[in-house]
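Asker: Residues per chain are reported as follows:
2 protein chains.
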Amino acid sequence: MRFELTKDFLTELKERINENNTAFVDQKVIHLHPADIAEIIDELDNVEAKFVFHQLDSELQGEVLMELEEEVREKFIKSFDAKQIADQLENLDSDDAADILGELPTERQLEVIAQMDDDDAADLVELLNYDESTAGGLMQTEYIQVNVDWPVKKCIVELRRQAEEVEKVYTIYVVDNYEKLLGVLSLKSLLFARPTTLIKDLYQDTNIISVTTNTDGEEVARLMDKYDLVSIPVVDLQRKLVGRITIDDIVDLIREEADKDFQMASGLSESVEANASIFRLSRARLPWLFIGMFGGILGAQVIGNFEIQIGQIPALAFFIPLVAAMGGNVGVQSSAVVVQSLANGTNQFSSILTRVKKEALLGLLNGLICGSVIFVVTWLLESPMLGLTVSLSLFTVIFFAAVLGTLIPLILDKYGIDPAVATGPFITTMNDVVGLFIYFSMGMLVFGL
Amino acid sequence: MRFELTKDFLTELKERINENNTAFVDQKVIHLHPADIAEIIDELDNVEAKFVFHQLDSELQGEVLMELEEEVREKFIKSFDAKQIADQLENLDSDDAADILGELPTERQLEVIAQMDDDDAADLVELLNYDESTAGGLMQTEYIQVNVDWPVKKCIVELRRQAEEVEKVYTIYVVDNYEKLLGVLSLKSLLFARPTTLIKDLYQDTNIISVTTNTDGEEVARLMDKYDLVSIPVVDLQRKLVGRITIDDIVDLIREEADKDFQMASGLSESVEANASIFRLSRARLPWLFIGMFGGILGAQVIGNFEIQIGQIPALAFFIPLVAAMGGNVGVQSSAVVVQSLANGTNQFSSILTRVKKEALLGLLNGLICGSVIFVVTWLLESPMLGLTVSLSLFTVIFFAAVLGTLIPLILDKYGIDPAVATGPFITTMNDVVGLFIYFSMGMLVFGL
Numbered sequence: 001m002r003f004e005l006t007k008d009f010l011t012e013l014k015e016r017i018n019e020n021n022t023a024f025v026d027q028k029v030i031h032l033h034p035a036d037i038a039e040i041i042d043e044l045d046n047v048e049a050k051f052v053f054h055q056l057d058s059e060l061q062g063e064v065l066m067e068l069e070e071e072v073r074e075k076f077i078k079s080f081d082a083k084q085i086a087d088q089l090e091n092l093d094s095d096d097a098a099d100i101l102g103e104l105p106t107e108r109q110l111e112v113i114a115q116m117d118d119d120d121a122a123d124l125v126e127l128l129n130y131d132e133s134t135a136g137g138l139m140q141t142e143y144i145q146v147n148v149d150w151p152v153k154k155c156i157v158e159l160r161r162q163a164e165e166v167e168k169v170y171t172i173y174v175v176d177n178y179e180k181l182l183g184v185l186s187l188k189s190l191l192f193a194r195p196t197t198l199i200k201d202l203y204q205d206t207n208i209i210s211v212t213t214n215t216d217g218e219e220v221a222r223l224m225d226k227y228d229l230v231s232i233p234v235v236d237l238q239r240k241l242v243g244r245i246t247i248d249d250i251v252d253l254i255r256e257e258a259d260k261d262f263q264m265a266s267g268l269s270e271s272v273e274a275n276a277s278i279f280r281l282s283r284a285r286l287p288w289l290f291i292g293m294f295g296g297i298l299g300a301q302v303i304g305n306f307e308i309q310i311g312q313i314p315a316l317a318f319f320i321p322l323v324a325a326m327g328g329n330v331g332v333q334s335s336a337v338v339v340q341s342l343a344n345g346t347n348q349f350s351s352i353l354t355r356v357k358k359e360a361l362l363g364l365l366n367g368l369i370c371g372s373v374i375f376v377v378t379w380l381l382e383s384p385m386l387g388l389t390v391s392l393s394l395f396t397v398i399f400f401a402a403v404l405g406t407l408i409p410l411i412l413d414k415y416g417i418d419p420a421v422a423t424g425p426f427i428t429t430m431n432d433v434v435g436l437f438i439y440f441s442m443g444m445l446v447f448g449l
Numbered sequence: 001m002r003f004e005l006t007k008d009f010l011t012e013l014k015e016r017i018n019e020n021n022t023a024f025v026d027q028k029v030i031h032l033h034p035a036d037i038a039e040i041i042d043e044l045d046n047v048e049a050k051f052v053f054h055q056l057d058s059e060l061q062g063e064v065l066m067e068l069e070e071e072v073r074e075k076f077i078k079s080f081d082a083k084q085i086a087d088q089l090e091n092l093d094s095d096d097a098a099d100i101l102g103e104l105p106t107e108r109q110l111e112v113i114a115q116m117d118d119d120d121a122a123d124l125v126e127l128l129n130y131d132e133s134t135a136g137g138l139m140q141t142e143y144i145q146v147n148v149d150w151p152v153k154k155c156i157v158e159l160r161r162q163a164e165e166v167e168k169v170y171t172i173y174v175v176d177n178y179e180k181l182l183g184v185l186s187l188k189s190l191l192f193a194r195p196t197t198l199i200k201d202l203y204q205d206t207n208i209i210s211v212t213t214n215t216d217g218e219e220v221a222r223l224m225d226k227y228d229l230v231s232i233p234v235v236d237l238q239r240k241l242v243g244r245i246t247i248d249d250i251v252d253l254i255r256e257e258a259d260k261d262f263q264m265a266s267g268l269s270e271s272v273e274a275n276a277s278i279f280r281l282s283r284a285r286l287p288w289l290f291i292g293m294f295g296g297i298l299g300a301q302v303i304g305n306f307e308i309q310i311g312q313i314p315a316l317a318f319f320i321p322l323v324a325a326m327g328g329n330v331g332v333q334s335s336a337v338v339v340q341s342l343a344n345g346t347n348q349f350s351s352i353l354t355r356v357k358k359e360a361l362l363g364l365l366n367g368l369i370c371g372s373v374i375f376v377v378t379w380l381l382e383s384p385m386l387g388l389t390v391s392l393s394l395f396t397v398i399f400f401a402a403v404l405g406t407l408i409p410l411i412l413d414k415y416g417i418d419p420a421v422a423t424g425p426f427i428t429t430m431n432d433v434v435g436l437f438i439y440f441s442m443g444m445l446v447f448g449l
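Chains A and B, in that order, are what the protein sequence lines are.
1 is the number of the first residue of the first sequence in the working numbering; add one for each residue after it.
1 is the number of the first residue of the second sequence in the working numbering; add one for each residue after it.
Just so you know, not all the hints are guaranteed correct.
Any copy will do: because identical chains look the same in the list, a pair fits if it lies in one copy or spans two.
Claimed, not checked - No farther apart than 25 Å at their CA atoms in a straight line, the calculated lysine-lysine pairs in the PhoX-like style are these:
no., residue 1, residue 2
1, K200, K14
2, K188, K200
3, K180, K83
4, K7, K357
5, K7, K226
6, K357, K414
Honestly, the hints are just simulated from the structure, not real lab data.
A quick note: this is a predicted structure, and the numbers were derived from the prediction, not measured.
Use the sequences and the hints to build the structure in full.
Answerer: As structure tokens, this is what we get:
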């Protein structure tokens, strides 16, 4: 039976904790999967959380710690002393330990490191040097390596020794005497081999996908996805094996990237959790709101130039929001498609011209459809003259918005700027201004003002 | 060395193919990783693609086929006869084969199945019955299972037999005499065990995470992510083991879901690739554009009620786009945060009231900041009266947009509607209309019209 956290369970747990009842936690919590225990602790306050945490054995504590939500973990870690943190870190995989250590202030890092076993500390200090977003920052130093000259028998003995430290073994890495990565070996092939067979006659040395410590995290994700890998070896610039990255960390990375893209497209400039403080939330939202205001002020300037015409035909003002909004919507649609195909690396060899042509054609088609519909509606609601103005300008705006929405991310990408920032409010705002200018110019033309 | 597809390589390849030069493909292409070969074929036309494809051996053909982009594969498969397709399907993992078979029209499916080996065909037909988006639709029938009563020795013999069919072995599934799933066994533990040890003394039977065939794909992804699994066993309603799902398929699923969410937030109603036909692209975009137009027409009706006032003070019209755009932006920001935290299952137990309160507070803060800024700007550009109108209404609009942007996805979610559809144009449009009404009402109040 899979555990499912319910409100009832939480209520009962909190009551039992308040009664200082350890039996309930013992029976109902500590046998759960670490990820489930973490889910429970995420919902408790700090005192309750500690009550549960201290009933776990030390190995389980480490696993639960890594599964906690970041904010909960930070609060939790803060209430430990240096020795306690050091103990926890020694229970963790090196990449997780480095992440936690990296989140601490420098002085605190030094205190914790001083409390650790020298070997473990050395590994961690090394990992801390890597940029978090690179393969070096993602990798763990726990992996299984065997020498290419060994027989299977020695390999299994060695494996048994190493495997104690390595929680999940997917692939065995084969190295030469200088620890350079030569290839990989599956556990399966080892299982079926005779004890005296040499690794060199057994391992796979073609199409070995590895990354170097400075490979960008997103590139690691792309490679593991493309080649369907569950772990990828990390080598240094001399091709010496230094670590491995496992797919669970990459799944987290992919989710985070997707969340970030979604937030950017929605006008949030910093990645923030829903439970962050009001001021952090405000700071994350203000940049885009200011861009929007700036666009609105520009729009006001554009309309200001047509003050006399609006005084003559106030009905012109009625369709300002329609024209502005449609320009924005079309722009966001076009740019989203481009941004996504750039991010996924699809159609990488189709030229800018081909895409813009296609998008322009699409703009013409959608402009024609929307323009025709609005012509009829506006005629019926207002007048044929206004219908003509609105439909012609809507047609033009949709066309321009489609072209600009395609061009801007492509141009940004050409110059190495992340095109994801170009979608959302930025393109909306620009198309608003362009759209208004088109609309009023068209109005002057149609009404002969 | 990792292969990197360049424009030069493509140009040379196309030239060699035109010369009917098989040696180039032999030397430079067929030794590459299947994913790389697929990447190359994606960029070729159908004739060129076939030229390359026919030089691959049959196993490689199957692997390459699965790595092709969907449109390319469809075109490719269409040019095969039933026998050729049947041969290809037998080379593939059952989940991939079922996907390809499922994409064909029913008559063609029957033709292909008639050409297949009976056992393979039976597996496929069974898989085709499952809904694509469920665990049954995602699973493959290739996995390793051993009986709980076997000794390690028999297990390894059996494994060797089964392992020929199973490309990647991550976990061995332990079943009873009725094929019911009891637990899992790692290859590692098998490697270190004595030949006479019984599986029942070796396997892990606590915290076994499995799904049933009707579990939703997104739920499978959530579980594999939460419990850091590389494969998950699938059981039927009697707990009989029927398949497994591997992490590479889940990574694809996560990416697709993220893409879909991003597209929905950008106002694209169907998932479409950038290289789809103009008419499919147009169809995907029109629904949102129509919603936008509808909102614009409503907006026009609202403004229409203030025609006299605009005639008196045309400057009121200047700030229509600002007020409308800001309402939309704030609404999208608020809803994006809610949609994301709903999708990720974070803060599941904080009540609707708590969230709306927080979002309202945030709306007040951002409204105050933006309102103050715009007051000064509008005063300087136009007049203090207009400044007062714009700033007061902006403040109110931001507040309302924040609250509505939070409430709507929460309410939709309560009623089981995917809240992702609520972001983007829908909320923008609604806030436009509400914003305009607030703006002109405020204008009448301030100017005493």
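Asker: Indicate, hint by hint, whether the structure satisfies it.
Answerer: Structure-based check of each hint:
1. K200 x K14: neither (58 Å within a copy, 38 Å between copies)
2. K188 x K200: both (16 Å within a copy, 21 Å between copies)
3. K180 x K83: neither (36 Å within a copy, 46 Å between copies)
4. K7 x K357: Result: close only across copies, 21 Å inter versus 55 Å intra.
5. K7 x K226: Intra 41 Å, inter 19 Å, cutoff 25 Å: inter-copy only.
6. K357 x K414: Cα proximity of K357 and K414: one copy only (18 Å, versus 43 Å across).
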